[in-house]
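From just these sequences and the hints, can you work out the full model?
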Amino acid sequence: MSEAEIPLKFVSSNRRVREDRRFVAGQGHYVADVALEGMLHVAVVPSQHPAARIVSIDASAALKMPGVHYVLTGEELAKAADPLMNGLDTPHVKRYPLAVGQVRYAGEWVVAVVAESRAQAEDGAEKVRIVYEPLPYVIDSEEALDPSSTPVHPEHGSNVLLDRTFVWGEVDRHFADSPRHLSFRVTWGRNSTVPIETFGVAAKWDPWREILDVWASIQMPKYSDQIARALRIPLNNVRVHQDVDVGGSYGVKRGIKQTVIVSHLARRLGRPVRLIEDRLDNMRAGDAHGPDRIFDVEVAFDDDGIVKSMKMRALDNAGAYAGRAPFQLGKPIGAIVGPYKIQSVKYRAISVTSNKAAQEAVRGFGQAPTNYAIETAIDKVATALGLDRIEIRKRNFIRSEEFPYLIPSGTRYDSGDYHTVVAKVLAHADYEGLKRERDELRAQGLCAGIGIAACLEPSGGNSSFEPLLNDANKTTTWMESCRINVDGLGFVTVTIHTTSSGQGHETLAATVVGEVLEIDPDQIRVVRPDTLNSLPSNSPVGSRMAIMLGGAAFHAAKKLKAKIVRLAAHQFGCAENDVVYQGGTASHPGSNRKLTWAEHVNIAHRNFHLLPEGMEPGLEVTHVMQVPTANKLPENGRVQMYPCHSFEFHLVLVAFDPEIGKPKIRRYVIGHDCGTVINPHIVKGMTLGGIAHGIGASLLEEFVYDSEGQMLTQSFMDYLLPSSHEVPHVEIVHHCTPSPFTVFGQKGSGESGYLGSPAAISGAINDAAAPYGVSFAKLPIRIAAISDAIAAARPLKEKVPS
Amino acid sequence: MKVSLKVNGELREADVEPRKTLLDTLREDFLLVGSHAGCEHGVCGACTVLIDGEPSRACLMFAVQADGYEITTIEGLAPAPGELSVVQDAFCETHGLQCGYCTPGMVLAAHALLEHNDAPSRDDIVEAISGNICRCTGYGQIVEAVEFAADRLRKTNLPRHARGDAAQPDTPRGGRA
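Sequence order for the protein chains is S and E.
Residue numbers for the first sequence follow the working numbering, so the first one is 1 and each next one is one higher.
Residue numbers for the second sequence follow the working numbering, so the first one is 1 and each next one is one higher.
There may be inaccurate statements among the hints.
To be verified - Listed next, the in silico EDC-like pairs over lysine to aspartate or glutamate satisfying Cα-Cα at most 20 angstroms (straight line):
id : chain 1 : residue 1 : chain 2 : residue 2
1  : E       : Lys20     : S       : Asp278
2  : S       : Lys341    : S       : Glu170
3  : E       : Lys20     : S       : Glu126
4  : S       : Lys664    : E       : Glu28
5  : S       : Lys558    : S       : Asp520
6  : S       : Lys662    : E       : Asp123
7  : E       : Lys20     : S       : Glu122
8  : S       : Lys662    : E       : Glu127
9  : E       : Lys20     : S       : Asp33
10 : S       : Lys558    : S       : Asp522
11 : E       : Lys20     : S       : Asp123
12 : S       : Lys778    : S       : Glu170
13 : S       : Lys222    : S       : Asp530
14 : S       : Lys664    : E       : Asp124
15 : E       : Lys20     : S       : Glu116
16 : S       : Lys664    : E       : Glu127
17 : S       : Lys778    : S       : Asp706
Unchecked claim - Pulled from the structure, derived: some chain S residues nowhere near chain E, Cβ distances all over 12 angstroms:
id : residue
18 : Lys79
19 : Arg279
20 : Lys561
21 : Gln640
Hints listed in this document are in silico derivations from the structure and should not be mistaken for laboratory results.
Idealized CB from N, CA, C, for every residue including glycine.
This is the structure we're talking about:
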């Protein structure tokens with residue numbers, strides 16, 4: 001269905017990313033740069049307890065502090081605003097922006113103090129006196145699942161938010177028929193994307209126009225809908241300004257509670273109010289943690305290593321509120337067998353509440369942890385049979401001629417050529433040489449290991465997991481839109497309808513429109529109107545924008561071109577089919593007539609009498625695009641999750657000194673196939689950034705809670721982000737298998753790298769530690785864990801004499 | 001307290017609380033919002049400015065401590081409105097950024113390195129930017145940007161002391177590069 005008939009001029013060429021100019025000059029426009037006349041500032045008072053009843057709040061001393069205007073409690077806010085939206089049907093798991101009656105995790109926001117400056121608000125916050133009565137709490141996931149545990153929300157009756165078992169295919173028969181089985185447990189530690197910009201929001205209420213203006217560091221589908229619902233105001237009273245640059249998100253910038261707090265305060269106080277989280281607010285209570293997941297996996301396979309069936313139990317610790325966490329168990333259903341021909345799967349997805357901070361959507365929406373579990377299974381099958389880990393993957397891969405390929409859980413993979421990507425990577429990396437290098441390092445007394453991961457990036461962000469996990473949800477669209485206007489002087493302006501957090505959407509839209517209209521993308525203006533002026537969008541989630549915004553821009557440009565052709569045919573007195581459009585000029589070879597761009601513009605804008613009958617004047621088009629392949633609700637626990645499936649294959653060599661245990665990544669090669677690349681710089685950056693994030697998730701980053709329910713890693717001194725020293729030079733091997741479902745054959749790449757790097761690095765560390773009989777089944781694998789485990793496993797005589 | 005700070009070659013005055021950081025003063029009092037708050041505890045480097053040419057954390061310094069130093073912010077690097085320095089242009093050429101939030105600090109760190117060393121090794125570059133955390137790029141295209149800028153600076157005809165584009169004590173808006 002690829003509709004591009006002519007060789008591509010701008011798509012896939014190494015053009016600069018237009019957004020970069022303003023950022024390198026420090027001229028980005030972030031939410032903290034929004035200065036509103038008379039703006040007040042918020043600081044929050046956090047709970048010190050993981051669970052406690054709020055006995056009393058005394059704000060009298062705070063209100064006497066210089067500059068302090070107001071102190072907002074959860075009780076007041078709950079009267080003015082509805083609980084925040086809940087994706088699942090769990091009406092008794094109520095989430096308020098400020099705790100009401102009870103706190104449910106250490107750090108949870110209890111009171112908001114408003115002052116002339118953030119510093120004065122913080123001074124005031126220190127004077128708020130809250131009396132608590134501590135309550136029992138639960139931190140551990142398995143404990144929370146136990147029916148005898150203390151429910152985080154007593155009204156809900158238990159800690160179980162979701163417990164669904166899916167059986168796709170003949171799991172029992174396949175297990176019974178298979179000569180070999182193995183089972184294991186792996187744990188994905190709680191981490192997140194932790195953007196360098198925290199979440200921030202500013203709001204202003206105009207009572208005369210009845211408009212709530214919002215500026216926010218946001219990346220969230222249906223953000224303004226949620227604001228309107230929570231505040232019980234019409235949606236057309238909410239105006240979110242989407243020209244705010246977002247300082248990194250990768251999924252988590254969804255500060256709805258923060259927004260409801262400042263929006264209420266702006267209305268209550270009649271002045272603009274802003275809340276910019278400081279790092280501590282953000283880390284412990286920005287409600288932006290990621291999956292926190294235990295996998296129990298069992299696979300059935302034969303002596304050749306063909307994996308026939310898999311049973312997976314995924315237990316996720318959602319934290320104190322539901323949020324999007326349970327759905328992050330749902331999206332991986334769309335690639336539950338990875339790139340493999342596993343014929344049947346039993347998947348039990350359990351989400352429990354605990355007294356930890358709430359989760360938010362994190363890059364990959366649960367897919368990276370699932371890939372880690374699947375890839376660990378494949379490694380273990382190889383080890384059990386004494387087979388090479390790459391050979392076993394090749395034996396199980398779906399073959400290129402088998403696409404579109406229907407997996408047991410109902411998704412049809414669009415396209416791929418996994419064997420070729422692997423072959424290219426092995427040739428590039430010299431796999432045999434890499435193994436020799438590993439063995440030489442081992443001979444020198446180092447621990448050295450090779451890690452391998454093959455996985456998919458489902459892309460094109462649909463929300464099919466919502467109706468799949470919640471019968472009351474009947475959503476079957478996740479549209480995206482684009483508008484193109486050619487003004488009276490012939491200049492082109494494209495509107496896109498969402499914020500961006502570094503993904504280069506302005507470049508994407510301009511490139512695509514320029515490609516179709518055959519005009520220089522650099523001459524095209526791209527703007528982001530506020531939400532009241534916007535067409536429907538679902539924001540950049542689920543690696544969808546190349547497919548969905550790229551698709552919407554393509555279709556809009558096609559409509560515009562069709563209008564120009566029709567207009568020209570009318571002037572030429574010929575059929576539309578006989579008009580040749582080239583570089584903005586329409587010509588009719590038969591009569592040798594031509595109309596230039598300026599002439600189309602002039603006729604459309606000024607000469608109604610020359611237009612074909614029924615044509616609207618002006619040159620303006622819109623397109624609202626439906627997600628390709630998304631056309632029905634789930635049936636029998638099966639659904640087409642996402643339309644496109646990018647492939648990545650990681651090959652890593654890691655070495656470390658067994659005494660010290662500090663892993664050094666000596667070689668990192670990734671094979672990447674995301675179909676047609678629209679901007680190579682952008683895709684490369686996404687992949688490299690995703691790998692860096694995966695290095696963090698696998699070796700460094702974790703939100704650690706102690707047994708008393710306190711979060712120990714609250715700052716960047718404890719929660720370690722990879723620096724340029726930890727991230728190696730990465731070699732990318734490209735391959736392009738176009739998707740049949742998209743306009744240029746493009747697939748998504750926003751989560752690339754991250755989806756496989758934790759599995760690959762874990763595999764490398766385990767390969768390195770294998771000679772000591774040590775293996776690691778929990779991420780992150782920290783330096784201390786490595787050196788301790790090896791020290792414990794080494795025979796005494798090998799240890800350095802003290 | 002009154003402070004007068006020399007920022008991007010210009011003397012600026014402000015009346016600030018003694019506890020106010022240099023970062024907040026630059027952003028709120030001088031409206032130089034290109035310097036960003038990331039962690040506010042000296043780890044991430046988003047607030048990096050140059051103090052007498054050396055990259056420094058504006059979040060860990062009080063405005064009152066900055067009196068008497070030459071402060072260069074990202075706004076001081078562009079030779080003219082709409083015109084990029086060699087280093088800034090190199091970041092655009094290799095797409096050494098995504099969201100742009102760490103970018104001003106990263107560009108200043110790279111600029112400071114190239115002021116001292118226009119033939120840096122990969123290790124030199126990695127070291128020079130290691131105090132600036134980027135969550136988007138994985139650093140690969142940032143390293144490429146610095147390599148690209150170094151190459152261009154080496155090939156320029158300008159005399160060495162005029163190649164850098166930081167505000168020099170004797171040039172109000174810095175030299176061109």
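Structure-based check of all given hints:
For the hint linking Lys20 (chain E) to Asp278 (chain S), the alpha-carbon distance of about 15 angstroms falls within 20 angstroms, and the restraint holds. Under the criterion of a C-alpha separation no larger than 20 angstroms, the hint pairing Lys341 (chain S) with Glu170 (chain S) is consistent with the structure, at around 14 angstroms. Between Lys20 (chain E) and Glu126 (chain S) the CA atoms are separated by roughly 18 angstroms; this keeps the pair inside 20 angstroms, and the hint holds. This hinted pair does not check out: Lys664 (chain S) and Glu28 (chain E) have alpha carbons roughly 42 angstroms apart, beyond 20 angstroms.
A C-alpha spacing of about 16 angstroms is found between Lys558 (chain S) and Asp520 (chain S), which places the hinted pair at or below 20 angstroms, so the restraint holds. Taken as a hint, the Lys662 (chain S) and Asp123 (chain E) pair is honoured in the structure, with Cα atoms around 19 angstroms apart against an allowance of 20 angstroms. As the CA atoms of Lys20 (chain E) and Glu122 (chain S) are separated by approximately 13 angstroms, the hinted pair is consistent with the 20 angstroms bound. As the CA atoms of Lys662 (chain S) and Glu127 (chain E) are separated by approximately 18 angstroms, the hinted pair is consistent with the 20 angstroms bound.
Between Lys20 (chain E) and Asp33 (chain S) the alpha-carbon distance is near 18 angstroms, which keeps this suggested pair within the 20 angstroms criterion. Under the criterion of a C-alpha separation no larger than 20 angstroms, the hint pairing Lys558 (chain S) with Asp522 (chain S) is consistent with the structure, at around 19 angstroms. At roughly 13 angstroms between alpha-carbon atoms, Lys20 (chain E) and Asp123 (chain S) fall within 20 angstroms of each other, so this suggested pair holds. Using a Cα cut-off of 20 angstroms, the hinted pair Lys778 (chain S) and Glu170 (chain S) is violated, with the two alpha carbons roughly 30 angstroms apart.
A C-alpha spacing of about 13 angstroms is found between Lys222 (chain S) and Asp530 (chain S), which places the hinted pair at or below 20 angstroms, so the restraint holds. For the proposed pair Lys664 (chain S) and Asp124 (chain E), the alpha carbon gap of about 18 angstroms is at most 20 angstroms, so the pair holds. For a cut-off of 20 angstroms, the pair hint linking Lys20 (chain E) to Glu116 (chain S) stands: about 15 angstroms separates their Cα positions. Note on Lys664 (chain S) and Glu127 (chain E): the hinted pairing holds, with a Cα-Cα distance of about 16 angstroms set against a maximum of 20 angstroms.
At roughly 17 angstroms between alpha-carbon atoms, Lys778 (chain S) and Asp706 (chain S) fall within 20 angstroms of each other, so this suggested pair holds. Every CB of chain E is more than 12 angstroms from the CB of Lys79 (chain S) (nearest about 33 angstroms), matching its label as outside the interface. Remark: the non-interface label on Arg279 (chain S) conflicts with the geometry, its nearest Cβ contact in chain E lying 5 angstroms away (cut-off 12 angstroms). Residue placement check: Lys561 (chain S) keeps its beta carbon more than 12 angstroms from all beta carbons of chain E (closest about 29 angstroms).
With 12 angstroms as the threshold on Cβ separation, the claim that Gln640 (chain S) sits away from chain E holds: the shortest Cβ distance comes to roughly 30 angstroms.
The structure fails to meet hints 4, 12, 19 from the earlier list, while all remaining hints are met.
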